[in-house]
Amino acid sequence: MSSYHLDHLQFLETEAIHILREVAAEFERPALLFSGGKDSICLLRLAEKAFRPSELPMPLLNVDTGHHFPELNEFRDRRAKEIRAKLIVRTVDEAIQKGVAIPVPGQVSRNALQIPTLLAAIEEFQFDACIGGARRDEEKARAKERFFSFRDSFGQWDPKNQRPEIWNVYNARLNPGENMRVFPLSNWTEMDVWEYIRQERLEVPSIYYSHLRRVVRRGGQWVPDTELVPARPNETAATLFVRVRTIGDIISTGCVDSPAETVDDIIAEIAAARVTERGSRADDKLSEAAMEDRKKAGYF
Amino acid sequence: MRAEREQGITIDVAYRYFATPRRKFIIADTPGHIQYTRNMVTGASSANLSIVLVDARQGIVEQSRRHTCIASLLRIPHLVVAVNKMDLVDWSEARFNEIRQEFEQFLPRLDMKDVKFIPVSALHGDNVVDPSPHTPWYPGPTLLGHLETVHIGSDWNLSDFRLPVQWVNRPNNPTDPALHDFRGFSGQIAGGIVREGQLVMALPSGYLSKVKTIWTLDGPLKEAFCPQSVTLVLEDDIDVSRGDVIVAPANLPGTGTDLHAKICWLHPRPLTPGRKYHLKHLTQTVPVAVTSIDYRIDISTFDPQPGVDSLAMNDVGAIRLRAARPLLYDGFAANRQTGSFILIEQGSNATVGAGMLFPSTKLAQPEYKDFAI
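Chains as they are written, first to last, in numbering that gives the first Met the number 0: chain A, 0 to 299; chain B, 0 to 372.
Hints were generated in silico from the structure; no laboratory data involved. Accuracy of the hints is not assured; some may be wrong.
Claimed, not checked - Computed Cβ-Cβ distance ranges for the label pairs, DEER-style:
| hint | chain 1 | residue 1 | chain 2 | residue 2 | range |
| --- | --- | --- | --- | --- | --- |
| 1 | A | Asp256 | B | Pro267 | 51 to 59 Å |
| 2 | B | Asp257 | A | Arg77 | 53 to 61 Å |
| 3 | B | Asp180 | A | Asp6 | 50 to 58 Å |
| 4 | A | Asp264 | B | Ala311 | 54 to 62 Å |
| 5 | B | Lys209 | A | Asn160 | 29 to 37 Å |
| 6 | B | Asp180 | A | Asp76 | 31 to 39 Å |
| 7 | A | Asp76 | B | Arg319 | 52 to 60 Å |
| 8 | B | Ile26 | A | Phe240 | 34 to 42 Å |
| 9 | B | Pro20 | A | Phe240 | 23 to 31 Å |
| 10 | B | Glu61 | A | Asp76 | 41 to 49 Å |
| 11 | B | Asp293 | A | Asp263 | 52 to 60 Å |
| 12 | A | Ile101 | B | Arg319 | 52 to 60 Å |
As the structure is a computational prediction, the values presented were derived from the model and not from experiment. Cβ atoms here follow ideal geometry from the backbone N, Cα and C, with glycine treated the same way.
Using the sequences and the accompanying hints, generate a full structural model.
Below you can see the structure in the form of structure tokens.
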């Protein structure tokens, strides 16, 4: 430490810790969105770095689409218990039953149904800030996102009229009913996330590593063969060694053909990749501005 | 963004990321149009280096001067003037020198320490990554070569220790004796270096104590420096809360309720004397009133214009404020963290101004004289 210089990961870490502590200090009822995916795993470690030896001053929240990978939910529950955090899960199924979320006839993906489910959870617990693991390198609407992203009382994002964010002085003021989404990993890339996982020796769900899985060729990529959308007769199915790069709804998450068995293998694979991780998410391919439109409606 | 595709221009900052074996980079692609100056300020405020692109055919235009002015105002430590489209002026050394001289004429007024001129052509990548065969007269580094090697280590203030307290860390755990009495002061060091055992003072109270432990999840540190995030545990049980600043007693910050600052105005509702705002500085927010406007800066000619009665959106000027409580601060030139603030409009909570403080004439004094050194 005698050089008094932080390397890239140390800088991203101190930036994120500063943001997490601002949230804890400035908001009454914050929540941290934790899915068990790689980004939220980093977020959770950063929260430990920000608040230990105290307990985390905020519960974890997950919106379960009911189409999650089972490995992910198992990991989510176990990790929350290990760090003694309170975990709140709200499911899309419940939201459909209550009439809060209304499925579009014929639409199988539940990505859009996460929006009303999340907004209902925010209302139920009166959360004034939700911390998410979204990164600016993921997608072009996210590239314009602020660290502290203001949402009106309908949960909407107004990309044309965002609060200017200058230096690291964050404006966290809200009126009743308004909400803040906070993204401490904004400046992290997919590579930074994996390098941090390696540095901190963090456990990630097994599906990030190469495993044998029954997959179906659909929309130009391999997706898991599930009972939700079984392989049609004209579709090619195969059993391959695959891994996931990003985890969403099980029916629309592409699997990449990969032999990567360790974090080092994954880092080498990403270094050579030309497509962004979200290239394997069908929900982002709906239109040129699919993510922008969902964020305006209240998606995190 | 839909609105940007509709207008065919950049409205907001877009962030892009790339890495070379030597360094990782974050690019903030900021708009050039004058009506989006506020978004440029957002993108530029946290930068280590700014690149101003100049078209070799057109030379220095109003926009180049405006962007250079903002980079100087925000004290971005390094500036690169990339003279682009050199292929269209036949790689003329004379044209490059002409632009450079024109630029250098106004530089002395701007207090820029490190300025580099690089002739490039983005079309075929001349002098971008690899040296161009067309510019044998240019002995300097390529654009990427410069970005990879420019020294950014001394961009932080490492001389004046300041820890703005963000969050008081009290586990309040009755079962674990090690945690029962734990009281730590968490924050991101905004200047200088702190060492275990060092004498520190909490401001505004003036209480003195020694650093018992620099606590982190990865174990205690012997010393920590700006901009690390740490938790300080002190020897004595003194009263410190969010908004307070822990400093070295031999090196006190300035203080005062009468503030003098340069400001970028970011909102359609103009700034006028008499209006009240919330001012957020480090980890505290205080009510302030605008007492007067000294001048507006013409950001193309850099001339101060006195006698103005308001600052409109995208204007830059110097103002005086009266705060409800004294701030603990340094001049922006000495410390970009402790010398900056934002103004928030009451009611709408919009971020309306970005301020850069002039140094105070008065040093912080302990609130309680009994505890003075």
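Structure-based check of all given hints:
no.: 1; hint: Asp256/A - Pro267/B: 51 to 59 Å; result: 53 Å, holds
no.: 2; hint: Asp257/B - Arg77/A: 53 to 61 Å; result: 57 Å, holds
no.: 3; hint: Asp180/B - Asp6/A: 50 to 58 Å; result: 35 Å, violated
no.: 4; hint: Asp264/A - Ala311/B: 54 to 62 Å; result: 56 Å, holds
no.: 5; hint: Lys209/B - Asn160/A: 29 to 37 Å; result: 49 Å, violated
no.: 6; hint: Asp180/B - Asp76/A: 31 to 39 Å; result: 33 Å, holds
no.: 7; hint: Asp76/A - Arg319/B: 52 to 60 Å; result: 57 Å, holds
no.: 8; hint: Ile26/B - Phe240/A: 34 to 42 Å; result: 36 Å, holds
no.: 9; hint: Pro20/B - Phe240/A: 23 to 31 Å; result: 30 Å, holds
no.: 10; hint: Glu61/B - Asp76/A: 41 to 49 Å; result: 59 Å, violated
no.: 11; hint: Asp293/B - Asp263/A: 52 to 60 Å; result: 58 Å, holds
no.: 12; hint: Ile101/A - Arg319/B: 52 to 60 Å; result: 56 Å, holds
The structure fails to meet hints 3, 5, 10 from the earlier list, while all remaining hints are met.
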